[in-house]
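Construct the complete structure from the given sequences, taking the supplied hints into account.
Single-letter residue listing:
Protein chains: 2
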Amino acid sequence: MGKHSYKYPLPAVTVDIVIFTISRRGELDVLLIERGDAPFKGQYALPGGFVDVGEGYREGATQGESLDAAAARELREETDLDVERDDVFLEQLYTFGTPDRDPRGRVISVVYYALVGMDVAPRVRAGDDAARALWAPVRSTDALDDDSEALQIVLAFDHAQVLRVAAERVRGKIDYDPRIARALLPAEFTMNDFRRVHEIVKGIPQDSSNFSKRFRRMIEDGRVEEVGAVAGMQDRGRPSALYRFPEAS
Amino acid sequence: MGKHSYKYPLPAVTVDIVIFTISRRGELDVLLIERGDAPFKGQYALPGGFVDVGEGYREGATQGESLDAAAARELREETDLDVERDDVFLEQLYTFGTPDRDPRGRVISVVYYALVGMDVAPRVRAGDDAARALWAPVRSTDALDDDSEALQIVLAFDHAQVLRVAAERVRGKIDYDPRIARALLPAEFTMNDFRRVHEIVKGIPQDSSNFSKRFRRMIEDGRVEEVGAVAGMQDRGRPSALYRFPEAS
DNA sequence: AAAATAGTGTCTGTCAGACAATATGTC
DNA sequence: GACATATTGTCTGACAGACACTATTTT
Chain A
1 MGKHSYKYPL PAVTVDIVIF TISRRGELDV LLIERGDAPF KGQYALPGGF
51 VDVGEGYREG ATQGESLDAA AARELREETD LDVERDDVFL EQLYTFGTPD
101 RDPRGRVISV VYYALVGMDV APRVRAGDDA ARALWAPVRS TDALDDDSEA
151 LQIVLAFDHA QVLRVAAERV RGKIDYDPRI ARALLPAEFT MNDFRRVHEI
201 VKGIPQDSSN FSKRFRRMIE DGRVEEVGAV AGMQDRGRPS ALYRFPEAS
Chain B
1001 MGKHSYKYPL PAVTVDIVIF TISRRGELDV LLIERGDAPF KGQYALPGGF
1051 VDVGEGYREG ATQGESLDAA AARELREETD LDVERDDVFL EQLYTFGTPD
1101 RDPRGRVISV VYYALVGMDV APRVRAGDDA ARALWAPVRS TDALDDDSEA
1151 LQIVLAFDHA QVLRVAAERV RGKIDYDPRI ARALLPAEFT MNDFRRVHEI
1201 VKGIPQDSSN FSKRFRRMIE DGRVEEVGAV AGMQDRGRPS ALYRFPEAS
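So the protein lines, in turn, are chains A and B.
If you read the first sequence in my numbering, its first letter stands for residue 1, the second for the next number, and so on.
If you read the second sequence in my numbering, its first letter stands for residue 1001, the second for the next number, and so on.
In case anyone wonders, no lab produced these hints; they're calculated from the structure.
By construction, the Cβ of each residue, glycine as well, lies at the ideal position given by its N, Cα and C atoms.
Incorrect hints may have been included.
Said to hold, decoys possible - Here are the computed lysine-lysine pairs in the DSSO-like style, where the Cα-Cα straight-line distance is at most 27 Å:
id	chain 1	residue 1	chain 2	residue 2
1	A	K202	B	K1173
2	B	K1173	A	K7
3	A	K7	B	K1041
4	A	K213	A	K173
5	B	K1173	A	K173
6	B	K1213	B	K1173
Said to hold, decoys possible - Chain B is faced by these chain A residues, among others (derived, beta-carbon under 8 Å):
id	residue
7	P9
8	P11
9	V13
10	R58
11	E91
12	Q92
13	T95
14	T98
15	D100
16	G105
17	V110
Next up, the structure:
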């Protein structure tokens, strides 16, 4: 036993999460946390934390939690949302490990991304460090040289790059993975809600007529079903039917 | 200075690579290494090794190599192939970090996958531990209960699962990412070579006629070009034209 | 000519994009 | 009725799957 003893330096491993939702203003928002300590104190960063590795890299050691579990835990801690209970979409995105991305030493970050419904997103501020959490439009973290009227947020570490990769993944996936739109929508939604989710994620307008055909196919295939009521009061115009995703799917 | 000192246990981080090629027998092959030490001594595993993290997680420490660099280095060490020089496709796949996947302690593996051309694959045995390297059909690592005639290979660690994820990624990507087929093909190839690569990767026959239409579109768009010669001797039948991918693309 | 492989043509169904038309609600 | 929004319909072009057909080589 114990003959194995590893004396080489080891990195720290964190799990960070890019949590997306759709704001009431119709924008793609991401959850940011204001840093309370150096480095980057006072700047905004993606939520994240060290993976519980038990007793670490040692023969016979306890080995702690899985990466998926760490991500789910992080989500719970920051938002009070549970992957199971609240139908949150959570998936591994990419692992970032460039040297010098963290001045405290070599840190490798396994990044996940999550999608939470516009109906449950407000519950986030119930979390631990409510005051430090902020839903910010993804747009506000882009580097736009000209448009000076909009609020600009400069992210800590390499998180601007991380966010860009995450947003691109969601954009590229929404067309063929129905779980994306499903996770972002509330339990009941109109066809227009559905279309607008696609518009917001992809950033380009979707023809409502063509979208309707696509939606009809989904109904025929049983991928969505009518709930048998119409949407509540609107400013004007004909109210739309309400739909939902079937339980088992 | 030095006020920061992290006393918590840390995991080890490795980079493993799933290296695919297409064998002369027309199968999807993966490069395996026979393990020389415990655990799993004598069994086959994916090539991989620890990431150089410099002085590790310590304030002011040197931080070593990037993950991409570690993967490229690993590829060079095991196969004598260079990502730049030899047109090898190399991309991060997924990070595996389940507890107890390695009995030596907590190990988190950032897995990459690589695609090498059928023409350069034979050069692999020039590598360091030539005797320990083996090109094995991916099929031979699947758990098939019935077909007892074929050679079965049981992989070390959770590498059977890793390999499955990698193969699925390639399968799902070959249809929309032209770099996949390009990396697997030699510099000059026939339309049938191209079709067979798709058949081998996807595991289902591709109609040569429909494939031809698709190929013609690629020619019209300049994504492939005729080389102006015909393939060498075959057993019988009409010889086919040779094509290549244009330089800049 | 027969065999074998290379490559083309045709038909059909699905689906996206553009745009016109109709339906149903509020004020 | 005027207006706003919801929903359906039509035309077109791109493309995949199935399958019949033609072309060019070796034996």
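Q) So which hints don't hold here, by number, going up? A) Violated: hints 2 and 11.
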